[in-house]
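2 protein chains.
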Amino acid sequence: MSNASQPTVFSAEQYFRMQPAPATLDQDVAKVRAFVTRQKKDGRPVVLVTSGGTTVPLERNVVRFLDNFSAGTRGATSAEYFLQAGYAVIFMHRQFSLQPFSRHFSHSTNPFLDFLEIGPSNPMSPIEPGSSDDGETVKVLPSMRRELLSVLRQYHAVQRAGTMLTLSFVTVDDYLFMLRAVAQEMEPLGRTAMFYLAAAVSDFFLPTQKMAEHKIQSGKGSLQIEMDQVPKILKPLRDDWASEGFIVSFKLETDPNLLIPKARQALERYDHKLVIGNDLNRRKFEVVFVEKDPTSKSGYQESWVRLPEGKQEIEEEMIKKLVEMHEQYMHGR
Amino acid sequence: MSNASQPTVFSAEQYFRMQPAPATLDQDVAKVRAFVTRQKKDGRPVVLVTSGGTTVPLERNVVRFLDNFSAGTRGATSAEYFLQAGYAVIFMHRQFSLQPFSRHFSHSTNPFLDFLEIGPSNPMSPIEPGSSDDGETVKVLPSMRRELLSVLRQYHAVQRAGTMLTLSFVTVDDYLFMLRAVAQEMEPLGRTAMFYLAAAVSDFFLPTQKMAEHKIQSGKGSLQIEMDQVPKILKPLRDDWASEGFIVSFKLETDPNLLIPKARQALERYDHKLVIGNDLNRRKFEVVFVEKDPTSKSGYQESWVRLPEGKQEIEEEMIKKLVEMHEQYMHGR
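First to last, the sequence lines map onto chains F and U. Each residue of the first sequence is one higher than the one before, counting from 1 in our numbering. Each residue of the second sequence is one higher than the one before, counting from 1 in our numbering.
One thing to keep in mind: the hints can contain errors.
As the list makes no split between identical chains, a pair holds if one copy fits it or if it spans any two.
[What the hints assert, rightly or not] Here are the computed lysine to aspartate or glutamate pairs in the EDC-like style, where the Cα-Cα straight-line distance is at most 20 Å: (1) K232 - D203; (2) K292 - D26; (3) K210 - D255; (4) K292 - E268.
Derived from the structure by calculation, the hints contain no laboratory data.
Using the sequences plus the hints, can you model the full thing?
This is the structure in structure tokens:
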């Protein structure tokens with residue numbers, strides 16, 4: 001694996017002209033518009049949470065694709081805490097990645113079929129006429145009742161309040177077109193809009209015209225793939241689509257020494273509000289908030305957020321801190 | 001994207017010597033051994049169902065990986081029909097891909113939180129002393145009761161009978177090491193063992209010594225990946241690990257014209273029992289069973305299996321046909 005010497009670098013504009021827009025984009029945009037209008041009327045701050053990894057298909061009839069590792073835990077968990085803090089949430093996630101509320105009952109680690117039991121027929125409830133069943137009921141195991149009730153209460157409250165809108169993407173094309181459209185719809189929110197970009201977005205893509213139409217056949221030797229760089233989307237997001245929004249991006253690294261330098265580099269380039277740095281192996285226990293700070297010698301300020309003892313989810317601390325920063329920003333610090 | 005002219009082709013033996021075995025392999029093997037021993041005593045046929053796609057990590061600390069498209073529908077659905085037909089099932093699936101029974105309630109299309117409601121406290125059930133809850137109960141919506149009861153009954157029956165063992169893999173390394181080990185444990189079953197290899201296994205891999213340790217940095221240009229061919233594992237499976245087993249492999253193609261030629265080629269090469277060919281876009285409505293047939297002019301026999309009108313799942317027909325073929329084989333046709 002190597003990086004080639006002659007990169008093709010596309011601007012965001014070129015990218016959007018060259019690549020195909022997702023088929024359902026217009027429908028999604030209509031939903032976002034209605035949602036944003038309602039929240040704005042209610043005076044509620046709105047956060048766009050992106051979550052999960054994007055794919056890069058290698059074939060037009062997709063069999064193989066490049067993917068970025070992400071179960072979507074950070075985004076799904078954070079969305080719950082934003083909702084608790086009174087935000088409306090546009091949850092834009094990779095299809096099949098974790099979602100707020102249902103994330104507590106993953107099919108693999110906490111399968112919901114395992115906490116349901118079949119109870120005897122209830123003598124109080126008459127069997128429907130013409131029904132062939134014997135009136136048996138499905139019950140939740142007593143040991144799971146409290147946890148399930150707590151999640152269900154929150155989930156139903158959010159549904160009643162209409163404060164969450166869910167959108168899904170698969171490919172990096174889907175993601176970029178959707179991000180641009182959602183940001184443009186959020187523009188009227190001004191400083192009350194937050195962008196919490198936790199999705200793991202591919203740095204590389206395969207332009208449509210270079211893509212194989214059918215499944216790449218093996219048996220002809222080794223496979224060589226050459227991909228181009230995805231344009232840096234934070235730039236137009238900050239400069240053109242959401243110039244007043246509170247933009248938070250993430251840096252995931254596996255080499256801890258790169259974390260702060262890469263975060264500073266991103267702030268220098270895009271001049272947005274905050275980079276949250278996380279090391280792949282320690283991301284559930286500590287993250288670092290990196291901001292520009294003209295009063296400090298380095299020009300930057302770093303503050304570590306760590307999981308307090310006795311707590312389960314570092315996102316609770318992260319969102320608390322972010323909400324404070326966003327409040328100061330909304331009130332014109 | 002291209003295929004290079006000078007392939008490095010590794011044999012299965014070289015591959016297993018070169019690549020690292022998954023850390024939990026020994027534990028999994030012990031479970032398989034106990035499971036196979038019990039089923040053999042009960043005189044039950046055993047089918048290994050593999051399901052979902054394998055990944056090829058591009059970095060040692062995995063951020064990026066190549067993946068094969070598969071939600072795991074074929075495997076999870078087929079496993080249910082094998083269980084209904086009296087088989088014991090070793091369900092070896094990609095982590096987070098669909099599983100038998102829970103597949104009916106995907107978090108995305110049929111989220112289970114949506115069919116639960118909070119009921120009033122039940123005056124018949126006393127509140128536990130010291131409990132802070134108010135005795136509310138979780139109930140299943142009446143509209144979902146029948147479907148959920150039907151799935152739960154089957155799920156509980158399989159759990160009571162102990163006829164399903166679930167194993168999971170992520171990478172193509174995990175998959176290949178696990179397949180070899182499971183096949184070797186199934187060897188004592190002789191002709192009563194079936195191998196239903198529905199997983200979408202990568203044709204290419206990245207040898208450990210060529211892998212980057214840390215996240216590949218972008219910003220240096222385009223990305224070039226060169227991968228080697230995965231050894232053809234059906235060969236040693238057929239010749240060495242499970243020479244008496246009834247081996248069924250799958251061919252997925254996006255070009256319909258390649259389907260039968262590729263299936264015949266696989267039978268010619270590996271001399272196993274059956275190739276099930278599916279076209280990516282028509283795989284839920286029709287598949288083709290391709291077998292060797294010395295009495296036919298071509299040397300092969302093809303029979304199409306199609307979804308009957310009024311039925312939901314083509315797997316029901318596929319498994320019915322397979323069970324008949326396997327019975328003939330077990331009785332020494």
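Hint check results:
| no. | hint | in the structure |
| --- | --- | --- |
| 1 | K232 - D203 | within (9 Å within a copy, 32 Å between copies) |
| 2 | K292 - D26 | neither (37 Å within a copy, 51 Å between copies) |
| 3 | K210 - D255 | between (32 Å within a copy, 18 Å between copies) |
| 4 | K292 - E268 | within (8 Å within a copy, 65 Å between copies) |
Consistency note: the structure conflicts with earlier hint 2 alone.
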